[in-house]
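These protein sequence lines are chains C and Y, in that order.
For the record, in the first sequence the residue sitting at position 4 is 1407 according to the numbering used here, with numbers rising by one throughout.
For the record, in the second sequence the residue sitting at position 124 is 132 according to the numbering used here, with numbers rising by one throughout.
Misleading hints may appear alongside valid ones.
Said to hold, decoys possible - One-sided and incomplete, this derived list gives chain C residues near chain Y with beta-carbon spacing under 8 angstroms:
(1) Glu1488
(2) Lys1504
(3) Thr1508
(4) Phe1509
What the hints assert, rightly or not - Quick list of in silico lysine-lysine cross-link-like pairs, DSSO-like style, CA-CA up to 30 angstroms:
(5) C:Lys1419 - C:Lys1453
(6) Y:Lys100 - C:Lys1496
(7) Y:Lys100 - C:Lys1499
(8) Y:Lys125 - C:Lys1495
(9) Y:Lys205 - C:Lys1482
(10) Y:Lys136 - C:Lys1499
(11) C:Lys1536 - Y:Lys178
(12) C:Lys1484 - Y:Lys100
(13) Y:Lys178 - C:Lys1520
(14) C:Lys1579 - Y:Lys178
(15) Y:Lys86 - C:Lys1496
(16) C:Lys1520 - Y:Lys100
(17) Y:Lys169 - C:Lys1496
(18) C:Lys1475 - Y:Lys100
(19) Y:Lys178 - C:Lys1495
(20) C:Lys1475 - C:Lys1453
(21) Y:Lys125 - C:Lys1496
(22) Y:Lys125 - C:Lys1484
(23) Y:Lys205 - C:Lys1495
(24) Y:Lys178 - C:Lys1499
(25) C:Lys1495 - Y:Lys100
Unchecked claim - Here are some chain C residues the structure puts well away from chain Y; computed CB gaps all over 10 angstroms:
(26) Pro1416
(27) Glu1458
(28) Glu1566
(29) Asp1571
It is worth saying that the hints were derived from the structure and are not from the lab.
Note that the Cβ used here is the ideal one computed from N, Cα and C, for glycine as well.
Next come the chains, spelled out residue by residue.
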Amino acid sequence: MSNLNSRLEKIIPKIKEDKFIEGRGLGNEISFYVFDYKPEDELAVRDYIKIIKKEFSYEGSNRKIIEFDLYKMLLDITKDKRIFERIFEMEKKQGKDALFKALRTFANPQIFLQRIKEQMDGHNIVIITGVGKVFPFVRSHNILNNLQEVIDKTPVIMFYPGEYSEQDLHLFGKFKDDNYYRAFRLVN
Amino acid sequence: MKGLISMETRLEYTSALTGAAFMFYEFKQVVILKEQGLSDKEIRAKVITENIFQHEKISSLKRGLPYILRRVNVLDEKLRSMVIEEGTEIGKIINLYAIMKTNRLFFEFMEEVIYEKLQSNNYILEKKDLNMYFTAKAEQNESIASWTEATIKKLKHVHSKILIDAGMLKDMKSGELNRIIIDDEIKSHLIEICDSKYLQAMGE
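Could you put the whole structure together from the sequences, leaning on the hints where they help?
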């Protein structure tokens, strides 16, 4: 836990650095960061994200953070598309396998990207959460892979319940997502 | 609207889909014209003289138009307004429904092949599924048995292509079927007008 706390405490100073917003300079590198943590630390991390957002929420702040909780987004989108109630009905009537397949089909990266694009509105830092909760319907690397097209060079921090080695993403330390090389670890 | 049962007894097997596949864009344009109060005749004239579909060839346009009109004509006011006002996904589902409702061969394909697969959580549509379906239909029906090989081949292609355009099939190569969750309003409306069998054919 102490290790987690000391890592969490490094996040705010990191965001405050000039180069955080300016990007990594070299080449056209996109500023994607992953903060990985043990799944059992989920609640502590969630609390700390509130602190981070608060830290930069004062008037005149030049860090305008927007959080996208993938799980919450999925629920909102199903409500907007009027299929929210249908999900429960489908699970009851057709079973878990059918529901899994249907939600996997529905929750394609594009519906998330579309929404992110609509809501960016002047924010200059993106935080992605809810990665664990939205599993297995959405695999986070699929979102990351396509994110640049909608947010350009805005820095992104993904909070990731698992391990990221700057090569592989292992959700919950168990499931290997595709190889992913483009993000940096936010805090070692 | 005419009774469904009487309509269906009149539906013959046709190879119409060789000339009019999913054609969502065209479908939507005709729905819009219909909503403006134009008659079929007026729509036909307008589509052809103004080339509303922007097809390069007038001949292919003339060929497909009657089928699109027929699809649009099975929609009631509620479904028409949904095609116009709601997003593309909803429009596509309604188009798929209209195709099933106006084309017996395609509807039975959905019912006998796609529904069966979804029902057993089998999400791969193979070439042999299409082959078997068309062979079985040819055995049961003289007119289908008389179609040329080229027609059957084209129909197999169009059947898959419609599924892709409707979002139910990922691509031809993988043959991976998707399961779509149908919008609440469409679902309850189709149940209300006693068309729930089309919902079922889409895997609901």
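How the hints compare with the structure:
no., hint, in the structure
1, Glu1488, "holds (6 angstroms)"
2, Lys1504, "holds (4 angstroms)"
3, Thr1508, "holds (4 angstroms)"
4, Phe1509, "holds (6 angstroms)"
5, C:Lys1419 - C:Lys1453, "holds (16 angstroms)"
6, Y:Lys100 - C:Lys1496, "holds (24 angstroms)"
7, Y:Lys100 - C:Lys1499, "holds (26 angstroms)"
8, Y:Lys125 - C:Lys1495, "holds (19 angstroms)"
9, Y:Lys205 - C:Lys1482, "holds (25 angstroms)"
10, Y:Lys136 - C:Lys1499, "holds (28 angstroms)"
11, C:Lys1536 - Y:Lys178, "holds (26 angstroms)"
12, C:Lys1484 - Y:Lys100, "holds (14 angstroms)"
13, Y:Lys178 - C:Lys1520, "holds (25 angstroms)"
14, C:Lys1579 - Y:Lys178, "holds (24 angstroms)"
15, Y:Lys86 - C:Lys1496, "holds (27 angstroms)"
16, C:Lys1520 - Y:Lys100, "holds (24 angstroms)"
17, Y:Lys169 - C:Lys1496, "holds (29 angstroms)"
18, C:Lys1475 - Y:Lys100, "holds (26 angstroms)"
19, Y:Lys178 - C:Lys1495, "holds (26 angstroms)"
20, C:Lys1475 - C:Lys1453, "holds (16 angstroms)"
21, Y:Lys125 - C:Lys1496, "holds (16 angstroms)"
22, Y:Lys125 - C:Lys1484, "holds (26 angstroms)"
23, Y:Lys205 - C:Lys1495, "holds (19 angstroms)"
24, Y:Lys178 - C:Lys1499, "holds (21 angstroms)"
25, C:Lys1495 - Y:Lys100, "holds (26 angstroms)"
26, Pro1416, "holds (43 angstroms)"
27, Glu1458, "holds (38 angstroms)"
28, Glu1566, "holds (30 angstroms)"
29, Asp1571, "holds (25 angstroms)"
In this structure, every one of the numbered hints holds.
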